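Peer 1: One letter stands for each residue in the lines below.
Number of protein chains: 2
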Amino acid sequence: MKLPVSELLLTEISRTDFHTKLPQHRRLYEALRGAILSRQLPFGSQLPSTRDMAQELKLSRNTVLSAFEQLLAEGYVTAQTGSGTFVADTLPDQLAQSAAENIPQPESGTRVLNNSEANKTSRKLSARGESMSAVAGGKLFEVQPFAPGDADYSAFPFKLWQRLQNKYWRAGRPELLDYGQTGGYLPLRQAIADYLRVSRSVRVTVEQVLITAGTQQSLDLCSHLLADHQDTAWVEDPCYWGARRALEANGLKLHPVPVDNEGMNPGAEDMDKPPRLIYLTPSHQYPKSVVMSLARRRLLLELAARNNAWILEDDYDSEFRYAGRPLASLQGMDYHDRVLYLGTFAKVLYPGLKIGYIVVPPDLVESFKTALYDFQRPGQMMVQAALADFIELGYFATHLRKMRLIYGRRRLLLQKTLYGALGGNIKLSPAEAGLHLVIQLPPQADDIAMAAMAAEHDISVRALSTYYLSDQREKGLVVGYAYV
Amino acid sequence: MKLPVSELLLTEISRTDFHTKLPQHRRLYEALRGAILSRQLPFGSQLPSTRDMAQELKLSRNTVLSAFEQLLAEGYVTAQTGSGTFVADTLPDQLAQSAAENIPQPESGTRVLNNSEANKTSRKLSARGESMSAVAGGKLFEVQPFAPGDADYSAFPFKLWQRLQNKYWRAGRPELLDYGQTGGYLPLRQAIADYLRVSRSVRVTVEQVLITAGTQQSLDLCSHLLADHQDTAWVEDPCYWGARRALEANGLKLHPVPVDNEGMNPGAEDMDKPPRLIYLTPSHQYPKSVVMSLARRRLLLELAARNNAWILEDDYDSEFRYAGRPLASLQGMDYHDRVLYLGTFAKVLYPGLKIGYIVVPPDLVESFKTALYDFQRPGQMMVQAALADFIELGYFATHLRKMRLIYGRRRLLLQKTLYGALGGNIKLSPAEAGLHLVIQLPPQADDIAMAAMAAEHDISVRALSTYYLSDQREKGLVVGYAYV
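Each protein sequence line maps, in turn, to chains A and B.
Note that our numbering has the first sequence beginning at -14, numbered continuously upward.
Note that our numbering has the second sequence beginning at -14, numbered continuously upward.
These aren't lab readings, by the way, just hints derived from the structure by calculation.
What you are looking at is a predicted structure, and each value in this text was computed from that prediction instead of being measured.
Don't take every hint at face value.
One copy or two, either will do: identical chains are not told apart, so a pair holds if it fits within one copy or between any two.
[What the hints assert, rightly or not] Mimicking PhoX-like on lysine-lysine, the simulated pairs with C-alpha atoms at most 25 Å apart in a straight line are:
(1) Lys109 / Lys238
(2) Lys387 / Lys401
(3) Lys387 / Lys144
(4) Lys109 / Lys258
With the rest of the complex left out, here is chain A (with noise of 0.2 Å):
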């Protein structure tokens, strides 16, 4: 059987795109072996010469010689003296017969992107996986005029860190370019421990503290070790998004429980579904703002301890508070050691640090230092190094206090701008602590719809009732002020 296999090959070098960086051999390599891969040459087919080819092609002999070569020592084809260069079929016996109807071929078009169809590619994706990304929720998030969840990072010190972290560069120590197996680098475990005494009242060890990277790496790892495949989680109705995503990725169920003026509120009918986990933001609801009292507090830890569940207490933008004493940490009141206690330095220095930290229980530290080296395998012991110095050399308490200034300024001016524009027809959410506030609207309006006339006019605000899990929505704005 004889081809034009010349032509195949011409249409295809000559293509501007195809290995524009690779030698004329190569190239000719790459479309031999793309043409025998995808049947274009089927098996037993005769090459013509290398002579002709080298003529057809307007290559020289050479470069022919040497693509033959090359598919010949990797057995795309066969070379009988005398009678030429045939594609070999490679392809096992017991596949070779029913291969060529069988098998779904390329749509036309899949090299193409495209949104719209990307989103359709469920025969492709697990269920899991299709949830994981059927909401771009990233593109909720990006950093925007008051959206939510986000801080101001152009007034981090730049020049102190570089400096910072020159220091270990300029040392060369090898031992901190490896993934570390001790739970991170233990001046900097020793620094945060000494920070959440303090300033949060956190029950803490040295020992007790790991460094992640980062709180959905924290999540991650709770949820594993400590729940389940279908497991029950509690959580904060509203809550967290991404907290949500990262426990339901790994397999729990997501039970709802109402979130009131004291924090969240569990009833009798939630003790039908006993929690394994319970997801909180004590501190601080996210994005409430509610600060949860300190009945209710006593009332999780009991129901902790009762139900052998485990706390998952996410104290995030604690550092931020204007006004008031800081309340302590729920892991604190706990005497009963289910509280495992989340912070990150993504908002107080800067996200893509990727430097987190989770206070463990002492009976679980062994278990939790083997998983996270074995599981997520941790690293960046440079950076580590710089941020123990950063917050030992008091760089880091200047640089809250600078951040809690500016910050404190930004929600002032909005929430007198908000007044000022709405007068006394709207309610704000407490914001003595945090990044933003909700404007709460009466349960008849549509704040969804408000939401998305605000994205036209590139206002990025979220609409309370889609943090909700239940249909028991309430209804409001939630602003970010951080980077305004």
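Given chain A's structure and the hints, the job is docking chain B onto it.
Peer 2: The following block gives chain B in isolation, referenced to the frame of chain A:
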């Protein structure tokens, strides 16, 4: 009810490790709060007057007043004019009655860490958590002479790297501090695409390259997005241990398929467990170092296409090839878009860098981007920018050449030494690439005992049989030579 409160407190606050960094009134507050939360001071019990307490504890009255005020403000105590200060009943009604009996009290000594005890905490960990932390794999993989998987990072160009990083820190571009939602820093994705196209014959456009935090994170993402809980994953038997861990942790059922001299060799019986995912190391099987044959490659590509299965091609250590022509990637031979190509800079540069990549089929790119952001949160854009320069300016190629020479010499030395010491009695695995080789042992050998013996001499080799999932175990010693 009056209790010897002051004695209790004295014991506590005179402990040298009790909140030593706090001012006196905070220490007293912490001691009182602790006593209330742990029920050493029961509901309703009366505290001494501030005057008495100040006298007994040898503190100023203001210090005691300040502690009392904070407890009062937080609701831990109530004050009745004329009759004194009492511990408040903050436990909700529904729980208060049965509280004392039902709550498991913390076992004595919980706060004392002890390795052997920590391993017994099964009541606390989930089933998957138990299996994830049962074997302290990390311990086996410490950077030690001859440990497989280790590379030598002391040759890393610290100063050059520092210079490249500083360029971006000096520029102080705040957008490089964010998570990054686009799948990674574009010039880095471009540099990787160019490298893979030329060096590994990967069929790739820049859009298909997504930057992850390393191979564990790539595997985590792929197993979530492409497979569901209890789906079957084929793994090579023997298999890379980190991959097994990642797939299992995400609920996949592992089906071991034997590896012969041509790579993974699925038989008819394996088809009873049709795969959803197939994890492969075709260029250089881990740990046996076999190169997968062309016929086997085509078989697996066909199998994947027919079963709508996905192949995860882990092209680890492909950068380190000392002899022979590099084999093209499996991904480059796939015309059905069924292969995801996984790479990392962990070995080539350094592990703590935490930068790897996946090449994703075009129609999955958008879903992967969304999940990468929502689920893992990327970041480290500053480091990505420096790495892009490192590659583009040719330093990467130089570093690779240098390390290839160093490792090549160590490989030869190890081979010579082994042959010299053990003569013709030993067989070594092919070692044309990578950073380890396998000393093949007869079936009756006890490779586990031999590895343990070596460990006593601080030589960290691993028994080949420990890499197997099935009982069909070959015996041998896996020896790394990169770090010696």
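Peer 1: All hints are to be evaluated individually against the structure, with a verdict given for each.
Peer 2: Hint by hint, here is what the structure shows:
1. In the homo-oligomer, the alpha carbons of Lys109 and Lys238 lie at most 25 Å apart both inside one protomer (24 Å) and across protomers (19 Å), since each shortest distance falls under that limit.
2. Within a single copy, Lys387 and Lys401 get their C-alpha atoms as close as 21 Å, which meets the 25 Å cut-off; across copies the closest is 63 Å, which misses it.
3. Taking the shortest alpha-carbon separations for Lys387 and Lys144, only the intra-copy value of 16 Å comes in at or below 25 Å, while the best inter-copy value is 33 Å.
4. For a Cα distance limit of 25 Å, the shortest separation of Lys109 from Lys258 across copies, 19 Å, qualifies, whereas the shortest one inside one copy, 33 Å, does not.
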